[in-house]
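Trainee: Given the structure of chain A, go ahead and fit chain B onto it with the hints provided.
Protein chains: 2
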Amino acid sequence: MDELIQKYQAIRNKMLAYRFASFIINWDSNTEAPSGSFEARSRHFGILSEDSYKFSTSEETLSVIEELYKNRNSLDEVLKHEIVEAKTSIDKLKKVPMDEYVEYMTLLAKSENIWAKAKNTNDWNLFEPILEKIVAFLRKYVEYTKTPKLQGYNILLDEYEKGMTQADYDEFFNTIKTDLVPFVKEVTSKTLEYNNSFESHKFPIEKQKEFMKYIMEVMDYDLTRGLMKESEHPFTSGIGTTDVRVTNHYYEDNFISSIFSGIHELGHATYEQQVDPELDLTLSGGGGSMALHESQSRFYENIIGRSKEFWKEHYPVLKDLFKKELKGIKLDDFYKHINKSTTSLIRTEADELTYPIHIMIRYDIEKALFNNELEVKDLPKVWKQKVKEYLNIEVPSDKEGVLQDVHWSGGMFGYFPTYALGSAYASQMFKVMNKDFNVFKSLSSKNTKEINAWFKENLHKYGSSKSPKDLFKLCTNQKFNPKHYVNYLIKKYTKIYNLK
Amino acid sequence: MDELIQKYQAIRNKMLAYRFASFIINWDSNTEAPSGSFEARSRHFGILSEDSYKFSTSEETLSVIEELYKNRNSLDEVLKHEIVEAKTSIDKLKKVPMDEYVEYMTLLAKSENIWAKAKNTNDWNLFEPILEKIVAFLRKYVEYTKTPKLQGYNILLDEYEKGMTQADYDEFFNTIKTDLVPFVKEVTSKTLEYNNSFESHKFPIEKQKEFMKYIMEVMDYDLTRGLMKESEHPFTSGIGTTDVRVTNHYYEDNFISSIFSGIHELGHATYEQQVDPELDLTLSGGGGSMALHESQSRFYENIIGRSKEFWKEHYPVLKDLFKKELKGIKLDDFYKHINKSTTSLIRTEADELTYPIHIMIRYDIEKALFNNELEVKDLPKVWKQKVKEYLNIEVPSDKEGVLQDVHWSGGMFGYFPTYALGSAYASQMFKVMNKDFNVFKSLSSKNTKEINAWFKENLHKYGSSKSPKDLFKLCTNQKFNPKHYVNYLIKKYTKIYNLK
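Chains as they are written, first to last, in numbering that gives the first Met the number 0: chain A, 0 to 499; chain B, 0 to 499.
Bound conformation, chain A alone (with noise of 0.2 Å):
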């Protein structure tokens, strides 16, 4: 048995060799490899993941997983959860024929290329064969896959936030659908007053950067364990809890988008900074799951970030290294300008109140498409439907429309329910905190340790050791409930548009 966990640890390291490679190949590609080395490069990396894709498959792998597994009550908690977690995907890739998913996986290779030539172009026609292709191998896929627990949509939802079935998120949904949609619709109606001058002013780069190190030591991000860098779109990336790094963007004409991108990626890097240490050596490192992750960045970017108490500490600092930009500006205005509401057609640019409705809009597609109610050419039209239904507002191109998310050209249906969730997941953990301290009032210390600490306690240093629900109850000792979500909302929008 010691020496069956000793292969295992060696292939756990080889695993982890091949995460590192990856993770520093695409952190140079997305940071700074020149332009003209992209072809070679993908050429080499595609041969690196090969290996690494033919070594996690390979025959002796799977023996000894499935070794591992036969006396699976006989492990440490860690590595029994870890073995069963690999003997269910092993189970499941094996029902898929191994003809039918390469041919998958090639047009993946390709897909994406093609949806960007589409979205630039505003060419539907030129995407929808494609995704037609992606839909029908995906509805064969949850076909042979199936299982008396598991069926349909449940399968794709259940990849991406295990345990999460189309009830839960029906039952999310629905009440977004029924408690938020029409405040949304009243609070979008209203314009916010407040002293705006500021918006048509030039924010210096440089400023802005300072302003991010100063977040750094606010958020207390362990800079010997990470660096913030610049790429076109913000992101999170590393391995174990010694590197984690995160990535910004900045523009002169909007000094807002660097602030909140960059405390929404440093709230997923202390995430995975506060993991236990001793998880580095296994493959349950890293955050718990897609919604769970997205809890962290989206508490820290709005519950925290967009609250007057943390700006009523860090703006005299903002308007000190911005003196000529932010003359005359004060904290309220400063306040309601990070937090106004209004439609959009563009979901990465929605407010943190319409967010959830741009998200619900794509559940309801992506359902109805397995659930077999809905195909692939429909999906424009619809598209245009939901969002005059939901947003009340036009969609002039399917480029602002179907086409606007990379996701699907990716065959990443699923995915997008745990954005939502985990804005949903952040109130209710919002809550929960509340009862062992203030947590608003503990942002006068200047920092955000206490959270932090909070966070490690009882949800961060699990990893991703234990199952999504499990880590939640752990963290709230309370099933998920989504009325906090919407409460919260109505709470703060409330007050900010001083409705009654």
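List of simulated lysine-lysine pairs, DSS-like, C-alpha gap at most 30 Å: (1) A:460 x A:69; (2) A:208 x A:329; (3) A:206 x B:212; (4) A:6 x B:109.
Listing some non-contacts, in silico: residues in chain A with all C-beta distances to chain B over 10 Å: (5) 97; (6) 311; (7) 314; (8) 344; (9) 381; (10) 491.
The following residues of chain A were derived to be distant from chain B, with all beta-carbon distances above 12 Å: (11) 98; (12) 327; (13) 480.
None of these hints come from the bench; they were simulated from the model.
Don't be surprised by glycine CBs; every beta carbon is placed ideally from N, CA and C.
Mentor: Positioned in the frame of chain A, the structure of chain B alone reads:
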């Protein structure tokens, strides 16, 4: 046969993929990796390196090489050269008992750290036992691998510069000893008079970086296939012709340093970027040898970069950037400043004229060690004697003496001579290039394009697809002759120091 070549191409591709991963990981380590990540990354990198080593020495790889070797006369020239080289390495390594080799590798894995500690604490006794073991292994190694043609120190010299023997180097360093040493003593006894008031000024780093951008344009460095970043020690690193990167370092109180480190590294990078792109898919890309690589960096740094003709064009730009700092400083002052020669203890800080003397000292010592005329324990004493003899200065500590360089701690005996050889190659190439066009005159075009093009056609395009001797011959149409180097230095410094 075609099938065999295809198999070999797959092996090449995988080796290139490993090289690529290794390049990116090391680049990251040397330019930005967080300090806390090194323990984990060395674990991951160790696993990848082992994998790469196992692959390149696997039964399958070796058998393909053996088969191709048997059929070498039907291969194209590039492939044939590559296979003969590979076969030679394999045969050599087979002669070394595996357990002794593994033990040596384990020793090397920790020796650099011990050297660094010994250097920092000026403690020769800490390093001596390690160096004893390294030299003991290498003495056995040359016994195991000797052939009728190559024995002793020759074997090590051949590993760093194929085809160069002790007899060749003896001729080279004897010329330096007899013709250059007396001249150096004369020059370094004089004081160069010029307006050096700017030496105490601070030169803002942002402006130094701006000037480096200008230099990159002057040297026509292709930024779509490379980039310049910062690191403690400047270096060039890359893969193929489409990703060739350099680093530089900046000191406020030594603005000269970044200029010449930058030109030096860009010389290396020009070589790699100008290789025939078809060699990107082979293992015959990159520079042809250590000395040939160094010939290029030193050509651009010293022959071009420290010439009056170069600065006649570019000093006005520098002066315009540092208006305040260089006020009243004439071209002639600046030219003298970048060419003054003084005896010094540290090789890496030595000027163009005294540099080869530092190398000669190391060559003498290495030669004596591997001809069993010197023992490791006597190194500090011999070092001091030689520095006194050739440079006429006292060595106050081992830290500034025998412990100053990292090379020996990595078992790199035979490497140092290539540094001086590179400079000598450069001088001879300069002589030959001048037959085709007036090199210094070409600088009035404000860039080095004509020089780059000459090197591309006569040296760079071949990559490492031929032996160093063949490459030197192709480039110069001559055999190597050390007189050109000594003549070049004597001519240049006679003029600068206004000697008879």
